[in-house]
Structure formats: structure tokens, C-alpha cells
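Per the numbering used here, the very first residue in the sequence shown carries number 764; after that it's consecutive.
Simulated from the structure, these hints should not be mistaken for lab results.
Each hint should be verified, as a subset may be incorrect.
Derived DEER-like restraints, expressed as beta-carbon distance ranges [said to hold, decoys possible]:
#1 F792 x Q827: 18 to 24 angstroms
#2 Q835 x G789: 31 to 37 angstroms
#3 R832 x V779: 35 to 41 angstroms
#4 G818 x V779: 28 to 34 angstroms
#5 K784 x V840: 31 to 37 angstroms
#6 R778 x T810: 17 to 23 angstroms
#7 K817 x A838: 28 to 34 angstroms
#8 Y813 x D775: 16 to 22 angstroms
Think about it this way: if two alpha-carbon atoms lie no more than 20 angstroms apart in a straight line, the pair counts; the simulated EDC-like pairs of lysine to aspartate or glutamate are [stated by the list, open to error]:
#9 K784 x D772
#10 K784 x D773
#11 K784 x E821
#12 K817 x D772
Using N, Cα and C, we set each Cβ at its ideal position, and we do this for glycine too.
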Amino acid sequence: MTRGVYRYDDPDTGRVLPQLKMYTIGADFVPPPIYAGGLRYHAVAPTLSYLMSKGYVEGRDYDQETVFRMAQIFAQVEGYVPALRLPIHYP
764 MTRGVYRYDD PDTGRVLPQL KMYTIGADFV PPPIYAGGLR YHAVAPTLSY LMSKGYVEGR
824 DYDQETVFRM AQIFAQVEGY VPALRLPIHY P
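Input sequences plus hints: build the corresponding full structure.
Structure (C-alpha cells):
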């Protein structure tokens, strides 16, 4: 969410589906094999991307320890575990 560009891109790596306008780091992006965040998609959903482009929401980066600590508090308060999207570190 913090490193993508708002443009039309393929939503699938096979480039079969029609392109969508979204914040993306590119359909050809392949995360490193050690990445274990669980959410390996290369773009932000088009509706959320639109809200980001209009300034209604923004993406922020947090370190992994902070994210896990906040997720633990959220789970204790709300009673369920959210899906985490960890930052991807680029060389």
C-alpha cells in the first residue's frame, strides 16, 4: 500500500483478467521465498485504491514487532485474529 503506483495493472499473474486501476507493485512481482505474511498479492483492491487516491485513507508501514503486538491486543479486545499484511522489504 505504501510503495505501489496507482495505475492499470493485471489482477492476475497469468494476465487473463481485464486490467484494473489500483495501487500496484506490478503483476510480475514475486515475493522472496522466506516471506511468510500469508497475503502475497501484488496490489491493493481497486475500491480501496480509489479511496487512497482520493485521500480518504492512507497506507502506513510498521515494523513486524509492532504489528504483531497490535494484532495481539486487537484479538484480545475483539475476539478474533486479523489477517496481517506485513511490509515487504526491497533490496
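Evaluated hints:
1. F792 x Q827: 18 to 24 angstroms: holds (20 angstroms)
2. Q835 x G789: 31 to 37 angstroms: Distance hint for Q835, G789 holds at roughly 33 angstroms.
3. R832 x V779: 35 to 41 angstroms: 40 angstroms Cβ-Cβ, so the 35 to 41 angstroms window holds.
4. G818 x V779: 28 to 34 angstroms: holds (32 angstroms)
5. K784 x V840: 31 to 37 angstroms: holds (35 angstroms)
6. R778 x T810: 17 to 23 angstroms: holds (22 angstroms)
7. K817 x A838: 28 to 34 angstroms: holds (31 angstroms)
8. Y813 x D775: 16 to 22 angstroms: holds (20 angstroms)
9. K784 x D772: holds (6 angstroms)
10. K784 x D773: holds (9 angstroms)
11. K784 x E821: Satisfied, since the Cα-Cα distance of roughly 17 angstroms is no more than 20 angstroms.
12. K817 x D772: At roughly 19 angstroms apart (the allowed maximum being 20 angstroms), D772 and K817 satisfy the hint.
Going through the hint list in order, the structure satisfies each hint without exception.
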